[in-house]
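Build out the structure end to end from the sequences listed, making use of the hints.
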Amino acid sequence: MKKISISSVILFLLLISNSIQGQNDKCFICHESIGDNASVLFKKDIHFQKNISCSGCHGGNNQSDDMEVAMNPRNGYLGVPKGDQISERCIKCHSNSETMRKYGSKLPTNQIEQIKNSVHWQRSTKGTEHIVQCTTCHNAHGIVSVKNPASPVYSLNIPKTCSTCHNSAVFMHSYNPSLPVDQYQKYITSVHGKLILKGDSKAADCSDCHGAHDIRKATDVKSKVYPTNIPATCSVCHSNTAYMKSYKIPTDQFDKFSISVHGKALLEKNDLNAPACNSCHGNHGATPPGVESISKVCGTCHVLNAELFSGSPHKQAFDKKKYPECETCHKYHDIVTASNELLGVSKDAVCSKCHSEKENRKGYYIGMKMRSLIDSLDAEIKTANALVNDAEQKGMEISDAKFKLRDANQAKLETKTMVHSVDFEKFKEIVSGKGLKTTNSIKDEASAAIDNFYFRRYGLLVSVLIMSILAIALYFYIKSIERGKKKIK
Amino acid sequence: MENNNNSHKGRRNFLKYVLNGGLAGFAISIFYPLVSYLKPPKQEDVEVSSISAGKLDEIEKDTGKIIQFGTKPVLLIRTQNDKLLAYDAICTHLDCTVQYKSDMGIIWCACHNGKYDLSGRNIAGPPPKPLQPYNVVVKGDEIIISKQS
Amino acid sequence: MKKFFLNLYNWIDERVKLEDLVNFMGKKYVPVHSRSIWYYFGGVTLFFFIIQVVTGILLLFYYKASADLAFESIQFIMSKVEFGWLVRSIHTWSANLFILAAFIHMFSVYFERSYRKPREITWITGMLMFFLGLGFGFSGYLLPWNELAFFATKVGSDILGAIPLIGEELKIFARGGEDVTGATLSRMFGFHVALFPAIFTVLLTIHLLLVQRQGMSQPMEMVEKEMSEEKKMPFFPNFLLRDLLFWLIVLNVLAILAVFFPSELGHKADPFAPAPEGIKPEWYFLFMFQALKYLPAHVLFIEGEILGILLFGAAGILWLLVPFWDKKTARGQKNKFITYLGIFSVMFIIVFTILGWLT
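Chains as they are written, first to last, in our numbering: chain A, 30 to 518; chain B, 67 to 215; chain C, 219 to 577.
By construction, these hints were calculated from the structure, which means they are not laboratory data. A virtual CB, placed ideally from N, CA and C, is assigned to each residue, including glycine. Errors might be hidden in some of the hints.
Calculated cross-link-like contacts (lysine to aspartate or glutamate; reagent style EDC-like; alpha-carbon spacing at most 16 Å) [claimed, not checked]: (1) A:K423 / C:E482; (2) C:K298 / A:D429; (3) B:K213 / C:E290; (4) B:K195 / A:D300; (5) A:K445 / A:D419; (6) B:K105 / C:D238; (7) A:K508 / C:D461; (8) C:K298 / A:E426; (9) C:K298 / A:E474; (10) A:K360 / A:E370; (11) B:K138 / B:D154; (12) B:K213 / C:D286; (13) B:K138 / C:D461; (14) B:K108 / A:D429; (15) C:K449 / A:E511; (16) A:K445 / B:D154; (17) C:K298 / A:E421; (18) C:K486 / A:E426; (19) A:K431 / B:E126; (20) C:K450 / A:E511; (21) B:K108 / A:E426; (22) A:K344 / A:E356; (23) A:K433 / B:D161; (24) B:K213 / C:D488; (25) A:K351 / A:E321; (26) B:K138 / A:D436; (27) A:K441 / B:D161; (28) B:K138 / A:D429; (29) B:K108 / A:E474; (30) B:K108 / C:D461.
Derived contacts from chain C toward chain B, CB cut-off under 10 Å, selection only [stated by the list, open to error]: (31) F222; (32) F223; (33) V272; (34) L276; (35) F294; (36) I295; (37) K298; (38) V299; (39) E300; (40) F301.
Next comes the structure, spelled out in structure tokens:
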């Protein structure tokens, strides 16, 4: 009975101690007097400023200066929390919105929920605890607001903080041996990294792309850096006109990308092979490709086009004029499927940018001829297609010709590759040797099928006529027999 | 009377001609389609779900060959270690026809440099899906390719 | 030319005594009256059957009865074989018209009560041929092995399975296994081109011999009077030529239908694909199919579908045996009930077929 009343008194004292100035915190007073590191750091800690005692995390009685009492496990003293104990101490308050409100905090309280989905919340190698605890990133005693430059998770400090583990090949080896450990090195070469090093906290740090507590693997479809999510992640900053104003760069990349052939493949068709922002700009070392490297960057996927282009006379001319290779004709971000209109010397065509009747005439004429060839192939494919459809609608079986349409379309695709060589002979070989030859045979087959359809109609007409005549004749014959019979009688 | 009889006879003869002519025409309009039908068609047999892809010694090791399978092309590969593989030869990207590249040991599409490994999986370039495999068996020294059901 | 045929005739006559046959045919008369037109429908049905045999044999030249090849071989017939499209279209059209003609022939015989003594056997063989004709339709429908046929056969054989006691066995027998598979196709093919034609031929021979032997039935009210010269026509050549004339017209119609509405092939059957919407049996099964649908799930203690099947079965047997229980007609009296039953049946079939068509 007595024991209970004592403990309830202690509890009461504990409670009111919260409202007493930190100076009355016996733990702190004593520890400060011996000048230990923890208490020195704790002075700057946000929790200290909010009058939270050491015992808030470590337990024990902060009102007693008797060590036997203050640091007695029977009074809830924990000593130095180990492993998951650490985070449990933090969660106790930080996931309780009421407690947080009491301290005048507007911080979110879902950190634990978020981190549970994170790659960091897997069991550590020991198996008894999770890989990271709150203190791993936020520090133990000198915890300050994220907005405070002293915080390890202050924007400018984040890359360093993350790299303490992620730069260590030895440490990372125990969790994911195939994960690179050069992210930081790459990052400081990127535009983002350079700005951060210059002290621009607006620039993207690790958490801006990977998330803070809910960091998922890049292969997790919910990860902010999963291929289909990357454009949206980048656009958080890059499409924000106000945010990007001081950098004087456009903010229409995302809009342009979403209508591009790449954006449609990635975002609409969910084709993970299609490039996202990082495929051209790099991920950790994100930087726009330079003028001379564009064709190399595009060429990682569009190998043949890049190869043909490099072997073409255009290569030297572009280099001399410092034209970016692919971009000059295909633009960037809003790269759409190359149509025939791109080729040639008409108004929208790109050849006329450099070639005219007066200047660089050879290219002017080749462009014109190529255009007329590809247009004629297109027209032929259309006619062939129409004939095949017509024959099919007439109920004729025409699967062979339909099969050949594939070849014709393949020829069309190949011309679009071959055009990068600007070699007229090779181009013509594909158009007429492969394309037109096929369309001609398709047209022949389809016309034959259509002819056959009319043959059936006329054949029917003739045979119906014959049968009708026969029927009429038979009718009269029967009549004449019957009349004959009557006469005989 | 005789005149009348004559004209009557004439009418009857005319009827006879029409009747005989009609019969002949009728016979033609029945037998022409019938005989045409029985005439062996150009393509001798039905397109089937399995085809012979020729003799085993017609395809060398480490080479590939396009076989016409009905109206579809099929890529038959005899690998370095003498395994026979067959895949749908239509690239899953844009309908081009793929080929076996012995120097790289992969299936390759010339149109946009799409690459598939020898299990048909798309490993590089634009192809979004793997190639459909076909069954290959060797009967005697004849290679038979069939659809996987 | 004429002489050659005459010699040929004499040559054969010498050996098999054709004279008797000609005499018999010459003495055979067909009654002439206001309802003579119905006499032609038996011949038309026969004509469609002949067409079925001829085009069926032609199709056999290229058709391959296996789940792997059936669809492709029909595609081959339709596209690669000259006039293959025509042969197949005629086969399907003629099949439908065969059933239609058989329906008309049957009902005309029924309403004229021509089944009465002494023509009971003719009626029975005719009815059996009619049922067999439906069997031809059902088994032939699966042979192209397309989506529609596949699921229609599935549904159709399911109904078979609902017959009490023997249903399950019957279904497995018809399907050649638990499910509709390649085995069902082989089985249906066997029924369609071998078993059914064999039975049909026997029945048809009896049917035709009896018609020749007994002559055409006269309407009841004419029996009393002796056939006057005006009221009859010789079977040969008058009636036969008219028959031929009728056939020619029918053939014309058939050709037009086959060219303008050729049979379609659809998509190859895929046992794992979901059933397409609106699976319906062929039109001649539609009235039964539809009637079964309208039955409540349970009637008293019997399942509605089972009851329906039993009713249809009973009706079929009753119809088949009409010459034996229609005692009044046998006595030469007018039996109004027969007329009412016939009208009810016709109305029932027409109404439910239309309902089935519309839904």
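Grab the minimum C-beta distance from C:K298 to chain B and call the hint holds if it beats 10 Å, violated otherwise.
For C:K298, the interface hint holds, since the closest Cβ of chain B sits about 5 Å away, which is under 10 Å.
Once the shortest beta carbon distance from C:F222 to chain B is found, is it less than 10 Å?
16 Å, violated
Cut-off 10 Å, beta-carbon criterion: hint that C:V299 touches chain B:
5 Å, holds
Against chain B, with CB atoms and a cut of 10 Å, does the hint on C:F301 hold up?
4 Å, holds
Under the criterion of a CB-CB separation shorter than 10 Å, is C:V272 in contact with chain B as hinted?
Cβ of C:V272 sits 8 Å from chain B, so the hint holds.
B:K195 paired with A:D300 [C-alpha distance capped at 16 Å]
9 Å, holds
Straight-line alpha-carbon gap B:K138 to C:D461, limit 16 Å:
This hinted pair is violated, its Cα atoms lying about 51 Å apart.
Pair hint B:K213 and C:D286, alpha-carbon separation not exceeding 16 Å
10 Å, holds
Is the straight-line distance between the alpha-carbon of B:K138 and that of A:D436 16 Å or less?
11 Å, holds
Closer than 10 Å between Cβ atoms is the bar; does C:E300 clear it against chain B? Give me holds or violated.
4 Å, holds
Tell me if the straight-line CA distance from A:K344 to A:E356 falls inside 16 Å.
13 Å, holds
Take a quick look at whether A:K445 and A:D419 sit within 16 Å of each other, Cα to Cα.
28 Å, violated
This entry does not satisfy hints 5, 6, 13, 16, 19, 30, 31 and 32, going by the numbered hints stated previously.
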